[in-house]
Structure formats: C-alpha cells, structure tokens
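**Q** Chains as they are written, first to last, in numbering that gives the first Met the number 0: chain W, 0 to 720; chain B, 0 to 720.
Among the hints, a few may not be true.
Selected chain B positions facing chain W (in silico; Cβ < 10 Å) [unchecked claim]:
no.	residue
1	17
2	507
3	628
By construction, these hints were calculated from the structure, which means they are not laboratory data. Glycine residues also receive a C-beta, built at the ideal position from the N, C-alpha and C atoms.
One letter stands for each residue in the lines below.
There are 2 protein chains.
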Amino acid sequence: MMKVRGRLTLPTDVDMVEETLKLKERLDADALRDCDGTQMPSELLKTGAKIYATYYTTRKDNEWAKNNPEEVQQEYLITDRITATSWTLSIELMKGFHTQQLKVNTIDEPKRWWEVIDRTTGKVVPVENWFYDEATGEVIIKSIPYHQYTVSFLAFLIWDPVHMYNYLTNDWQGAEHQMTFDVRQPKTQAYVKEKLRSWCEENPDVDVVRFTTFFHQFTLTFDDQKREKYVEWFGYSASVSPYILEQFEHWAGYRFRPEYIVDQGYFNSTFRVPSKEFRDFIEFQQIEVSRLAKDLVDIVHAYGKEAMMFLGDHWIGTEPFGKYFDNIGLDAVVGSVGDGVTMRMISDIKGVNYTEGRLLPYFFPDVFTEGGDPIGEAQDNWMKARRAILRSPLDRIGYGGYLKLASEWPGFIEQIEKVVGEFRQIHEAMEGTSSYMAPFKVAILNCWGELRRWMCNQVHHAIWHREIYSYVGVIECLSGMPVEVQFISFDDVRNGIDPDIKVIINAGDAYTAWSGAENWTDEKVVTAIRRFVDQGGGFIGVGEPTACQYEGRYFQLSDVLGADREMGFSMSTDKYNELSPKYRDHFILEDIKGEIDFGEGKNRIYAQGANYEILDMDGEYSRLIVNSYGKGRSVYFTGLPYSPQNCRILLRAIYYAAHREEEMKKYYVTNVETEVAAFEKAGRVAVINNSKEDQMTDLYIHGSQKCSLDMKAMEMVWVEI
Amino acid sequence: MMKVRGRLTLPTDVDMVEETLKLKERLDADALRDCDGTQMPSELLKTGAKIYATYYTTRKDNEWAKNNPEEVQQEYLITDRITATSWTLSIELMKGFHTQQLKVNTIDEPKRWWEVIDRTTGKVVPVENWFYDEATGEVIIKSIPYHQYTVSFLAFLIWDPVHMYNYLTNDWQGAEHQMTFDVRQPKTQAYVKEKLRSWCEENPDVDVVRFTTFFHQFTLTFDDQKREKYVEWFGYSASVSPYILEQFEHWAGYRFRPEYIVDQGYFNSTFRVPSKEFRDFIEFQQIEVSRLAKDLVDIVHAYGKEAMMFLGDHWIGTEPFGKYFDNIGLDAVVGSVGDGVTMRMISDIKGVNYTEGRLLPYFFPDVFTEGGDPIGEAQDNWMKARRAILRSPLDRIGYGGYLKLASEWPGFIEQIEKVVGEFRQIHEAMEGTSSYMAPFKVAILNCWGELRRWMCNQVHHAIWHREIYSYVGVIECLSGMPVEVQFISFDDVRNGIDPDIKVIINAGDAYTAWSGAENWTDEKVVTAIRRFVDQGGGFIGVGEPTACQYEGRYFQLSDVLGADREMGFSMSTDKYNELSPKYRDHFILEDIKGEIDFGEGKNRIYAQGANYEILDMDGEYSRLIVNSYGKGRSVYFTGLPYSPQNCRILLRAIYYAAHREEEMKKYYVTNVETEVAAFEKAGRVAVINNSKEDQMTDLYIHGSQKCSLDMKAMEMVWVEI
C-alpha cells in the first residue's frame, strides 16, 4: 500500500502562525484556509501548503451596495395572516421582521410585484382594492369582515443573513453589517467580475478560490428580536428580483406570481409537493446561475487557480445534482459533513475533480465552551461519516473556524489525529477501487428524485427534528450500506422504472413531497409499481408511504404493502391483527435481540389482505409488516430512525424485499453494531465498530466464517482476503 | 319528600319464578320482562308488576321468511378490493362473508342493483363489461391490469345478526337460525300487522310491548369464521331493498347508486362526512320508518297496551333525535346505559312519556364467569350514569339477561340494591324539578348536529377504542356537567348561531364528520365563528378542530385557537413555544394538582399568533393553549379523555371561554373527584364522589363555603340549602 499523505485542510488566523505551522506538521496538512471572521497571515503563504481563500461574491463591499441600492439582493416575504374585523384592514408589512435585515422594496412598483391574497377564499385581491402607505409601512385593504389576508412583497436584504448569523453567534460587536448584492443584475455582474479579476491578480499566492458561494443565499430570515424566523436550506425565496423575474416570465412563457415563491407562507419547503411553477423557477435559476458561475470560474482558471464551491450559504441555484451543475466547470466542492447523509451529499457530486468534507465540529465558541463536548461531537460525526466514506469516499477532509479554540481544547487535536489517520487509511487500503455493492439498485421514490439526492426529509443540514428522524434514519442507514441508491421521482416511475432497480423505498409523512401525496392517485404511478412488485420487485414503505385518502384507502398501495392506516373511517371494520408466531425467526429479524426502535413511528397501522405477516405490534396495531404480492414482496415500518441495529434491519429488509436473501452474506459481520465494507480488487475488507463500546464480531466471506474480531470502541480494522 | 317506589324492571325466566318473586319484593321492582332467550313464566303474570314483553317484528317466524324469500331483509355488501393482473378479473362475491348469514340476491337484476367500480380511477365499470356467474358465485370483469376493483351487491340476511350474535355468545347449540324479514315490504307488512293484532289479543296480561325494535337492524356482518367483520351501530346498510330504493328514487328525484350505501367500503360510518345522498336516504328512511312504526304502535294502543321501543338492534330509521321520531307516538324508550353519554342518549329523548335505562352489566355468561367482575362493572357504570342522571334523569331503570346468573353471584344483588336506592333517592330529592344549569348553552359542532346527539366520536355503544377515548371524554364529561348542551351542525352555523350559545366545542380527528373537514374551507362557516368569538363567544377545540389543509393552514381557525398543527410544511418556521410562567395559576388549572391526562392527544401542536398562553407542553410542542380573540376566548386541548379531573378542567375551560369565571362557584365543590348538582326549587344539592376512594371536599354555594364533607368511596350525599 502506498502511504497516503495530506488530503487535509486546516483553518488558520493571523494570531496563529506558529501554532498553524506546528499543527500542519503534526497532522500532515497540505492546505490552509481562512474563514469568515479570520484572516490568512502572510507568513503562511509560502509553507508549501495549498492556500484556500474564501471568496464572497455577494458581500464584503458595502460601498458598492450602498451606491447601487436597486441591485441589493431581494427576498420575497409574506406578512402574518391578519383577520379583518371590518371593511378595511391595515397590514404592517415589516411586523415580525427585523428592519436591520430587511427593507421593503418600494423602488419596483408594488402593484406589479406584490400580491394581496384573501386566504379565506384563496383569491387574489384586485390591485385597485389595496394600496401601500409608505409613511406607515402598511398596506390598506378593502376587506371582507372575518376574512384573513396576507401581503406578499419584495424586500431588500440589507444585512447578509450568514453575516448576520455569524455576527450574532460570535457577538461581533461594532462590525459593520454586510449588505448583500445581486450578482445577477447587470451593473453588479460587471463589477463583480472585474473585482474578481483584480483580486486574482492581487493574490498570486492563493491556489484555490473557495466561493462561499455564488449568488443567492438559502432562505434565512430573522424576526424582530433577531431570532431565526424562517430557515430553509433549500429555499429560493432570496433569489428573486424584478430583473430576474421578468427574464423568468420570458423564459417560462407565463406571468410570474409572488405566490409561486411565498407558497401560502410555506415558501416551497422541500416537504411541499413542488408546483409546476416552482419547478420551472428552479430550472430557470439553475440555467442562469450555472451560466454566470461558469464566467467566474473561467476568470479564476485564467489566473491558474482552482475554483472550489462551498455547498452552503449562497449555493441556491447551483443544485449539484441538477442537470446544469456540470456546466459550471468547478474543480472542487467542499461542504459540511454533519452525518453520513450530508457526507454523501458532497462525495456523490459528479463533474468536479475532487470533493472535500468539512468535518464537525466547526471551531466556534458555541461548542468550544464550558459544557460543550467537541471531542464527543467529533467522534459521533466521524462514526457516521466513516461508514459512508467507505461506500463513496471524499477526496479530502478539513476543518473550519478559529484554530485557536481547537488547539487549546485538551485532547481535541489527538482526536483529529485519529480521524485523519483513519481517513488516510481508507484511501491507502482501497487503492482507488470501490467497495462491494449489492448486485441490484435500491431507489428512494419521492417528488424530487435525483435533484434532492440524500436530501430527503431534511429540514436543515443534519439537524435533528422529532418530526423527521424516523425517516432520515432510512437514508442515514443507506448512506453507509453496501447498496447503490438511486433517488427517483414520480415522473421517473411514469417514464418506466430502471430495470436495475430491485427495491423501491417510499418514506415520509402523508401529503409531503417525500411520501408523494396526489401522485398516488395517478393510475400510471400505482399500476407501474404494482406491476414492478408483482413481477418480482420489492417495495419498502416507512411511515405513511403511498398515502393519500382516495376511494376507500389511505395507503393507495395497501394491496402491495398489506397495510393501511386507520384514519377513523373504518373503525367499524374488525382488523384481527396478530403477531406472527415465529416473528423472531423471520429473515429480517434473525440478528435482532432487543426491542426495535421505530422512533416516532406512525400509529394506527394495521395489516390487511391475505398475504401479510406481522413482525412487530403496538397493542392491537402493527409496526412491522411483510407482505407477498405476486412474485414480489413488501416490507412496512412505522418509522426507522438511525441506529446500527436499524441499519442491519434495513439491510435485511432490502435483501428480503429483493428476494435475494442468499446473497446477503457475501460479506457479513454478525454483530449488528459492526459493519463490513469489502474492497474486492484491493483484496481486503474494512470492519468498523459503529458503537462507543468494545464489540466482538464474526466476519463472514462468501457465506462462511473468515475470523472472529475483538474490536475496541469505534475501531476500524482491515482484514486481507 | 315523598318516598319513591318501583321505577325498576327486572328480567325473569321460566325457571326463576320463586327467585323472581323474592327479588321483586326485596328490590321493590314494579315491572318484569322477558329477554331474547328467556321466557315469561305464566305464574308471574298477575303479581301486580307491569309485564313487558319483548316483541320482534322482523324475526322469530322462519316459516314466513322461507315462504317469502323475496321479502327477506337485504343488505348492501362490498367485496374486498381485488387487483387485476390481466385483462379479466374474477371476484368471488361471498369471499370473507359467512354463507350462513348472507346469501347473494339474484332475484333482483344484478345489473340494475349492483355496481362494479374501478377503485384506481374511481369510475363505475359499465354493466356490459362484467357479468355474474351464478355457478361460481363470481363476477367476471373486463379489467385493466393493475387496477383495483370492487363489486357492490345485494344479499339477503338469512340469519338475523342479533340472533346470530346472541346464539354465538351463548353457544345456543341446535337452535334454528332466525331469518330476518323486511317489514317495509307489502306482503310482510300486512302479515306483521295482523300478527301483532293476534298477539295482542292472545296476550292480555302484557302491559308493555317492548319492540326490539322495529324494522332494520344496525349493520352487523360476520366473516367466514363467524367473527365480527363489520359492526356499525349507526349503519343503514341493512335497511335496503329494491322495493325501498325505488321508492327512494321517486322521493329524491334522482337515481340511486349502491355507492351511496357502500361508500367506498366505509359504509357511511358516522366518522365520514355524510354525503348529500346519504343524508337524503336517512331522511327518507326516517319518514317511512316512523310512518310504519306508528301503525304498529297504534295497534298496540288499540289493545290498551303501552308501546316501548328498545334503542338498539333494529332501531335504524327511528332516529330518536330526528325530525320524525315524535310521529311514532311511543309511550317509552328503553336503552342500554353504558356510561353517562349513552344514558343521556336515552334520557334526553323527547316525545315519549317515560325513558328507561337498562343498566350494565347485562346478565350474560360473558361477564358472570370466572375472571369476570360484574360488581365492579356495575359500580363503574353507575358512577358514570349517576352524574348524568342528576342532570337529565331517566324515569326508570332496569336490567336484562338471565336473572339466575345475577342472583347467584355473591354480593351482586346488594350492589343492585345500592344502585336502585340511589336512583330513587335522586327522584325523591329532586321532587320533579331540574338541576341548576350554567346561565348559557354550550354547543358541540360537527357535521351531524342534533341527529347524533350524544353520539359523537362513538364507534359502537360505549365501547372503548384507543382512537376515540380522548374525544369521547369531552361528551362523557359534559353528560354529567351543569351545562345545557346543544349539538349543532355546520348548517346550523351557516343559518345563524343560536344567541343562547356562549361556547362552541369542536372535537375530533381531521377530516372526520366530528371535526368537519371541508366545512372549514367554507367562508360562511369560518366567518360566522370568527364573528361569534370576536364578539365575546368562546371556542374550545380538541384534537384536530377546524382542521383541513387549505391556503397555508391546517387548523382553519388557527387565528381563533392561537394554535395550529405542524404537518411537515412549516418546519422551517421557528415556533418558540414556551410554557406560560404562571400556568398553574391560570383559572383553568387552579384546582389541578397532578399531571393532566391528554389521552392519545395529537402531537405537533404549536401555539401561534400574539395572544396565546401555553398551559401545558410536550417537549417543544404544546398541549393546552388559551387564546384571546377580540372580546372572546378559545381553549385548545390535544385530547381530553374522561376522568373526574378532566371534568373539572373542562368545566373551568367552559366558564373561562364564556368569560363567566365569576359565576362558576355558584355551586361548587373543591375536590376534583367530587361534583355537585343543585336542585334550587327543591332546596337541596347532591354531592357525589366519583371515585372509588374516600374523599374530603368543601361545598361552596353562591361563592362561599357552606360545609366540609367527608365522603365514602362512590358516595352520594344530599345537603339542604
């Protein structure tokens, strides 16, 4: 094996020159970077390490912003819903927003770009029935008593949301609020390009321009108390301006409405089934953003530098899994690794030369503080990332924030050393080959498909929410499993299911984009999946799969699933659900000793039909149901949060649904706390302990026991085969 | 006080003559009855007690049924949903039904009265695309592969469902299965009337003809293993025949469809928002059933006897809270008392001279058996019934079943003695007056209104279900509370809210008839209730009140409630719910010491708006929210199962919502396990202990303490005022 070196980026700062040099040596780092709030010391420009420079296209130039107020970035906002009690109603636009962050756009004609909606009838209030009173900041509406109204309007982002977030988090007293300008607009576009050229000229020692990011920030709106009000990492609300929207109208061939963005106040959360108009808008933005981003990347390349994109902050419109991302011509993508899912969100990106994961914790005072546990966070983060890296490796890893905080925290650098060591070990051992994958593909089916690869059921970058962890578990488990995962949309199903797919998974709450809502009343969709399963395919449902109340059923594929959910209408129908007498002997549960964790699992699920078997119950209802359907099979879970045990259950459920049980033990470890990744061409397997306790596990290769392993907590060992 | 005697009915049987006489004396019973499976001994006809005779209009005459097979009662059935895998599909009609109970009706033209539906498209399959193969009992359909189909068809009820139930429950080996005939049909109608006349002539000693009941049994369908398959106490599925349906078509002015009855397989469960056609059908049946029932009652009266109706079994179409019930001219109604709610379902009936409650347990071997607890059941039943009787008294009570079982169970007769004693005490003490009620009305709002008075959220007569107990608690609490309760429909709201109503309650699961579903998107409904609350009314929501996903909200009156439910679409919006610092001092919780029981309370409820106060939380979400709205107030609970503590919480919530807190202590007891009922005209109050433990409680009258009471478990005491 060739010794692997480098592949590591460290942050630095002007007061950390000596310490940076020491750590660079100790950790064998080959790249140094600055961060928002830190500066690259000139003493470090010639250490032999690559130099990354964060580059902000949209901010850190208040002079430009102030001189070109009409080209400051805009955001669509919606007021609270206000109920009229008489025939006129005043709605104060900025109520609940922070006037330091947002400022009503009165430059562009309100009656052209705003919308007042009667939410009681769903109808748009004609423009002659309202006006904006600039003096009071109120919209005055001719209202109907006891109807509810909203005003959708444009506002300028006079404080960049990420700058505001970092400023508030780090208590940067006295710093000027950075405004954010819209690089898509003509004057700013020319200015920014010119500025990038000058900057490249002035910074000959910078090797990598780390765009943070391009043009449009994900939606991050603060309330009047400077608390987060609305945060959507996927949000396009702050990527608008009349300039762009007129282009969109021309491209789309229909008139734009603010409602396409504000979406009843839900702002097209990824949980919403995306409307045609919103999908059009995303498409349009991708085309335009990729075109302009390419211009900037070309400038960088012209100066012999690399262009790297940070997957975060102003990433809106780049869509790394969209059709246009390739066109940008980036050298690299870097992103924050919060868990296995967010790791795959970076490492699976195509069309770049390398990917880099910024591991957690970020060196910020919110974690490196009394009561904080940065070492524990680093360990948990690495255990989740490691199993996913074994399936789809990052090329590099790195850290961000204040190096001072990390270097002064006892034991933290040792922890980084371990992580970096294991990361390099993986690259050494795999020798550029890929790990073994099951001989069939698994598909996650939802309204978004590949565009939201590894983004299903996510609210905001790996943050735990009670509402989602029982679904996120599915993709978190998959992120480190030996199966190739496709993310398919309902249109993909309508156009014909890829014959390589053997198992389709549908997981989510009813009526969300993840479950599919009205798509399940589409004859084309249900017949395609019934045929797929009947002819031998597998279907796995989690939570409220195929749910949409219609024609006597809630789960539209209740026949395939052998299950439905009691919504109150069929309580008069006796269910007679009973646990299968041999449920613990079932293939799916063979390894499982303890209770199964269904998380927030949906209640009131019952098995039905003639071909089901119940493997777990909650009172008179069921939680784990398998069903046979023609030549195919289905498996239903009420919920499946991430845990090593649930990884094993899902792996078994997939092999069971695919009817390929006999192939599962090609590479296998007996202890559910451990996993195996096989690199056949390199002739070795990695066995990882995903728990913080020591574990014994038996390794099986091609169905027979190879050896027994005594593993330390969190350990990774390699076995030659 | 006049001593109250009698008011008690006992069952008897041929082998119980001596025992009956002894018990009649001991319990001071003034009426004796037979039951299904027992006979009135001739020796008891002249004891001075009134003689009730159960009378079955529809069964116990198999000869008639066999000779008139076309007039046997029919039921609409629907097959299982079967998925086609090719271009033809056979569906076996009787699969999953019991051929001893039901027989396919091939006498009436299938193509006229049956319906084959493609449940994948919701479309009716044209009659030319299917046929019935009588030899195999299958319907053969020209199908589309992977579409699902159902057949709705008519079957004869060749075994009366209640006879079948009693037969199976009591293991009546060898008895002939009683068929059930349709008294609405011309030959049977004439025959039954004539038979009733003869019967009256032949039974001069019978004083009360206890109809059990009239013509149509509630839906009670058994499966192929003789287990209950579908049981709906409110179900009209077995009240049909082509003869009746042709009359219905004429009356309604449109063509009948089987779908109006089978309703996608839900059979118009009361949880379903009733369709116009189903409401029409109920109305038509009431008109016809009340007309024919009157004929039978007139016959009974002609012989100097009383006519009593049993509210159960064949009660369909009588609808005691409907517009036509009065017309029947009954002397009395008797029904089974399962709790306070079912007690009120009897005692609130108007248009009869007296009401009688048949208390539980029924003397059947399922309870009077090893492991059974008939005394405990009798106590629990009485504690719930008693508090409701104090608000709306029954005139009589009684028991049913095999007297032998009861008389031989140690201590059971003593328990009856206590119950009967307290029942008579109430009648003595109230002296024919009513108990004090709050000076305003409370309304329960749902799709059914008064027609389903005290029947909300019920599956089958007082049977506990996990899905409903957190809603049934609301009406169970109300059944014994000093408030007058109206049951109003959405049409009642559209037509103008009764000005006596001060508080409106909406309780139920989303999209059920109890919550209201699409009614909440009706501008007329939401504006009427907003106006009502804004002008000082109170609104109480439980579970998913006003829920219907529309225009950015799940709870359509989220403004009134200060609450909404997170359905996944607004997880990007920060909620910042926090418990009110002084929540335990709030008027609603002043008496409450321990945890609040929200039952199966809905999750993911959050407070929103500017006027809420959170009184209970579950993690980051809320469970008890009060909100002010103009001059009015609302209270929201995630669930409210019955308990003495929840009775108190609801009482306080009602006074709070009505803005009449200061009036609550007109009659008041401090201990939440106790309640008070005041009979102002009679000058006394009853204090009841609703728990099985001894309790101390202070009695307040007109706001000041009257006395302190030391109460035994379950005790009732009377205090003169």
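**Q** Now look at each hint and say whether the structure bears it out.
**A** Each hint tested on the structure:
1. Using the Cβ-Cβ criterion of 10 Å, the hint placing residue 17/B at the interface with chain W is not satisfied: the shortest such distance is roughly 42 Å.
2. Annotation: residue 507/B was flagged as interfacial toward chain W, and the flag holds, the nearest CB pair being 8 Å apart, inside 10 Å.
3. At a threshold of 10 Å, the smallest CB-CB gap from residue 628/B to chain W is about 9 Å, leaving the interface hint in force.
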